[in-house]
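S.K.: All chains should be modelled from the sequences, with the hints used to inform the complete structure.
Protein chains in written order, with the working numbering: chain A, 195 to 636; chain B, 1161 to 1496; chain C, 389 to 684.
Hints were generated in silico from the structure; no laboratory data involved. Keep in mind the model is a prediction, meaning the values are calculated, not measured. Heads up, some of the hints might be wrong.
Ranges of calculated distance between the beta carbons of each label pair, as one might list FRET restraints [stated by the list, open to error]:
#1 A/Asn449 / B/Thr1302: 23 to 29 Å
#2 B/Lys1230 / C/Thr390: 55 to 61 Å
#3 A/Lys587 / C/Asp560: 29 to 35 Å
All C-beta atoms in this analysis are idealised placements derived from N, C-alpha and C, irrespective of residue type, glycine included.
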Amino acid sequence: MLKTFPKGGIHPPENKITSTKSIKRMPTPKVVYVPISQHIGIPAEITVNVKDKVEIGQVIAKSSGFVSSNIHSPVSGTVTKLDKIIDTSGYKKQCIVIRTDIKDESNFEDIEYPLKKDISLEPKDILQKINESGIVGLGGATFPSHVKLSIKEGAKLDCLIINGVECEPYLTADHRLMLEKAEEIIVGIKILMFALHIDKAIIGIENNKKDAIEVFKNLIINEKSIKVAALKVKYPQGGEKQLVRAILNREVPKNGLPLDVGVIVHNVGTIFAIYQAIQHNKPLTERVVTVTGKKLENASNYWVKIGTPIKDLVDEVGGLPEGTRKIVNGGPMMGKAIKNMDVPVTKGTSGILVIHEDEASRGEQKNCIRCGECVDVCPMGLEPHLLMNLTEKGKYDDASNEDIMTCIECGSCSFVCPSHRPLLDYIRFGKHIVKKLNTAKN
Amino acid sequence: MSTQPIIVSASPHVHSDRTSKKLMYDVVIALIPAFIVSIYVFGIGALIVTSVAVISCLLFEYLIQKYLLKTAVTITDGSALITGILLAFNLPSNLPVWMIIVGSLVAIGVAKSSFGGLGFNVFNPALVGRVFLLVSFPVQMTLWPTAIVNNSTVVDAVTGATPLGVIKEGLQYGETITQMSTKIPSIIDMLLGFTGGSLGEMSALALLIGGIFLIVRKVISWHIPVIMLATIMLMTGIYWFIDPEHYANPLIHILSGGAILGAFFMATDLVTSPMTKKGMVIFAIGIGIITVVIRLFGAYPEGVSFAILIMNAFVPLINKYFKPRRFGSKIKAKIV
Amino acid sequence: MTNSVLYSVLLLSSLGGIAAIILYVVSKKFYVYENPLIGEVEDILPSANCGGCGSPGCKAFAEKLVNYEDISSLFCPVGGNEAMKLISVALGKEVAEKDPTVAVVRCQGSCDVRPKTTEYQGPKSCAISAMIYSGETDCQFGCLGDGDCVSVCKFDAMFMDESTGLPIIITDKCTSCGACVDACPRNIIEMRPRHKKDLKIFVGCLNEDKGGIAKKACEVACIGCSKCEDICPKGAVTMADNLAYIDPVTCTLCRKCVDVCPTHSIIETNFPPRKVKKVETEVKANIESVKLNADA
Chain A
195 MLKTFPKGGI
205 HPPENKITST
215 KSIKRMPTPK
225 VVYVPISQHI
235 GIPAEITVNV
245 KDKVEIGQVI
255 AKSSGFVSSN
265 IHSPVSGTVT
275 KLDKIIDTSG
285 YKKQCIVIRT
295 DIKDESNFED
305 IEYPLKKDIS
315 LEPKDILQKI
325 NESGIVGLGG
335 ATFPSHVKLS
345 IKEGAKLDCL
355 IINGVECEPY
365 LTADHRLMLE
375 KAEEIIVGIK
385 ILMFALHIDK
395 AIIGIENNKK
405 DAIEVFKNLI
415 INEKSIKVAA
425 LKVKYPQGGE
435 KQLVRAILNR
445 EVPKNGLPLD
455 VGVIVHNVGT
465 IFAIYQAIQH
475 NKPLTERVVT
485 VTGKKLENAS
495 NYWVKIGTPI
505 KDLVDEVGGL
515 PEGTRKIVNG
525 GPMMGKAIKN
535 MDVPVTKGTS
545 GILVIHEDEA
555 SRGEQKNCIR
565 CGECVDVCPM
575 GLEPHLLMNL
585 TEKGKYDDAS
595 NEDIMTCIEC
605 GSCSFVCPSH
615 RPLLDYIRFG
625 KHIVKKLNTA
635 KN
Chain B
1161 MSTQPIIVSA
1171 SPHVHSDRTS
1181 KKLMYDVVIA
1191 LIPAFIVSIY
1201 VFGIGALIVT
1211 SVAVISCLLF
1221 EYLIQKYLLK
1231 TAVTITDGSA
1241 LITGILLAFN
1251 LPSNLPVWMI
1261 IVGSLVAIGV
1271 AKSSFGGLGF
1281 NVFNPALVGR
1291 VFLLVSFPVQ
1301 MTLWPTAIVN
1311 NSTVVDAVTG
1321 ATPLGVIKEG
1331 LQYGETITQM
1341 STKIPSIIDM
1351 LLGFTGGSLG
1361 EMSALALLIG
1371 GIFLIVRKVI
1381 SWHIPVIMLA
1391 TIMLMTGIYW
1401 FIDPEHYANP
1411 LIHILSGGAI
1421 LGAFFMATDL
1431 VTSPMTKKGM
1441 VIFAIGIGII
1451 TVVIRLFGAY
1461 PEGVSFAILI
1471 MNAFVPLINK
1481 YFKPRRFGSK
1491 IKAKIV
Chain C
389 MTNSVLYSVL
399 LLSSLGGIAA
409 IILYVVSKKF
419 YVYENPLIGE
429 VEDILPSANC
439 GGCGSPGCKA
449 FAEKLVNYED
459 ISSLFCPVGG
469 NEAMKLISVA
479 LGKEVAEKDP
489 TVAVVRCQGS
499 CDVRPKTTEY
509 QGPKSCAISA
519 MIYSGETDCQ
529 FGCLGDGDCV
539 SVCKFDAMFM
549 DESTGLPIII
559 TDKCTSCGAC
569 VDACPRNIIE
579 MRPRHKKDLK
589 IFVGCLNEDK
599 GGIAKKACEV
609 ACIGCSKCED
619 ICPKGAVTMA
629 DNLAYIDPVT
639 CTLCRKCVDV
649 CPTHSIIETN
659 FPPRKVKKVE
669 TEVKANIESV
679 KLNADA
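M.R.: And the structure:
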């Protein structure tokens, strides 16, 4: 019996078209647009001026608080503008425009570092290094990693969980990374275990990635402290709370964090970024992005520099197919539809999904027939139909009492609703208002 | 790139291929076996009653939406169609046409549209129509034409009562079940549908096939029908065990009086049943108990319709007090 | 027969009597003294319960008016000066006097001048679509066109113009309660003084982008050229973030800025049609009458 979380969940068509495509290197774009807010928290402060020369890995925007993150130049070149352009949020946001220096060889070199196993830094320095390297949660939430790793004195921590679930349909970035960089990831896990003084780590992988499970099982034969957990394929298992429940059978309390049950969860991408930062002194300037879509001919996985416009990526796979009506930054369940092709890749971009007009439109909204499907699939035990209703009527206090804030926005309810009701749209809005009301109260 | 602008909407960007329309038509498909049996048993009468009920339900829905409420007309969504079929299934096959039309008007106009249309009705529309006719025209509604094809030799040639009606009447005249045994159709006849009754409620087998189809297609969950029938069986079983001369065999209770039709098609109506599995269990047990109480101690020989309607009224309460368990709500986690 | 009639009459009348006694006792026991002035003030208030005063309803506002010592900061925008004067007489307190205001829509981005570049699918609500992205057009400051303002208006003073996709305010019905101002996620709607004959001049654009980008997104966008600022004789126009703003208090409604605006993004309302020369005198007369009005 494979492990999974007990309540709710769905199984959307997987469509992992690119799971056999090895990660290619995306050519360095001529211009990169680096937003200063690529993480949850306070935007970084720009430290460069127009016409400044910048090197690869140079800090161009400095972390401006505890919950914030450094941003490094992904290319070597010249800052041409400090402009506002539309990013994934759909709004114009401040970003640094850098024109790539074509003469600089290092821009185009395919840097492959040899595997380095020995950990030379002390735990404290490791955390400091992670902070400096601008590493954020690469699973999509983009929460600054050093904040997650700063554990208060006295907190009990006994297990590190590595999230290799990748439950979103279409996306294969983590899958390919696990196949190609497994040894590095194991070293990355050891670094974190060393830094946090934990002696247990579990890599959670869904059973549709049998090859990755196999690779890790072979690698950890001699490791006592690291285990691999094969999980049943079910969305949203990649959610922290669901993953902890599935692997350790521990339930993160309402409004709590995995830390409350002695667990810390990191995505495999983040672990690899940590490995690179600690062992090779390489800050986070690129990431794996799956460029995919049913009609896309050369859908594949790429190493992409942060700040590359999505247009360049799509051109690389042969341009937008005829009849494209929607472009999504991220996976189909939680990704955000973007407004135009100039939106840059950020630290949180795990995939670009191109949707054909056949599947792009939403169905016509009908009356709720009270079938209870949304209640059945909600992994958090909420009643989405009720929350939508309360939000629609402006009863935010009631919605708050019905635990609207614990919604993880996985979209399972909207996915299954036979009446095509925009449940999550309303719940998200309700959460937004409740949050605002709560801050007003305090 | 296409000439149309790209679409921006909130996640999720994919949707399961289930739609409410498909759910509705699955129910219609599931009702077909029982419909075929009823035509076989009652002949042209069954066809007339069903088509009149369906057409008048659709027509009333159309007229009300178009001219009274002035909203979008949604008669193609299949819900009025189901109401029509279910209403017909609950009527005797020789009911006058005008009564069927009145029943449809009550079902669609009173029970459904006046509450706000699909999804807002508290009570199952078909049952409201049926119960309205039953209390308004008790004579016509309880005179069942005999099955054309009939293996048993006992039933009155023109009109016959349902098995449960026979028992109730017999008990009133002081007869025991054994004395009545010749008047009650055999279990096999009841299973196949060769007995008196409303046109859709007699063939337990055909209804079971439809019900299982619905469960397999995940239109309904097994909770309500199974638990409701189990409750009826258990309660009547206890009485039968104590006094088999005055209480009928639980199998008779299950196989007649629309218990199967009610359990699989009426109680499970998505709109008027609870949302959670916990709620469904309570709901089904409630229907079972009320049904048995009406059948054994009430004035009517059959009580499924009333039981479902009574429990429908409790659904909002059930939804309120039997909520799914919130994730992480037991604050004491396993780790100490 | 007679007995049963007698019994039921007796039973019912005794029940009635008992109920009456209970009611009497309860009403005496739980009587809450309420200042009769509150009722009196409430009668003066328009009973719209719109929340424009900041209180949840007219009753709550009346309580505030009666209970507070200083009520000069309180104002009922719907009842206006007339109602406040009556309240002042009733309560014997000083009340504030405010120029009547009216809501204006500061966006002219109709369908034909502001092309749609994307299609939004989702709940028809500005607040929700604003959470997802910057709207169907390339302008991230303008009207989203889903009509949140119209749906919150309790006085039927707004409607969506189907041809332009913009809300329209019926000034006669507008009570300046401010509900639409709060509902708009883009802060497009502003309360401006209701001059005589409802004359108004304001910048019908909020686009803070640079001129070229703004103009590309919308033909009638303010491009921040400062021409209006230069020509204004009273210094009522201020420029900030590539955007002009006309201060309603200092503006004398001279209409000079309207003429120089290259993108026609300054809106004038209810002015008589322009006639050469003659206009000047008329406007002057208007201004004068406005001034007189203000003085009075």
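S.K.: Range first: 55 to 61 Å. Now tell me if the beta carbons of lysine 1230 of chain B and threonine 390 of chain C are that far apart.
M.R.: Since the Cβ atoms of lysine 1230 of chain B and threonine 390 of chain C sit about 57 Å apart, the hinted range of 55 to 61 Å holds.
S.K.: Does the hinted range 29 to 35 Å hold for lysine 587 of chain A and aspartate 560 of chain C at CB?
M.R.: Cβ of lysine 587 of chain A to Cβ of aspartate 560 of chain C: about 31 Å, so the range 29 to 35 Å holds.
S.K.: Has the hinted range 23 to 29 Å been met by the Cβ atoms of asparagine 449 of chain A and threonine 1302 of chain B?
M.R.: The hinted range 23 to 29 Å is violated for asparagine 449 of chain A and threonine 1302 of chain B, with Cβ atoms some 59 Å apart.
Comparing the model with each earlier hint shows a violation of hint 1 alone; every other hint is respected.
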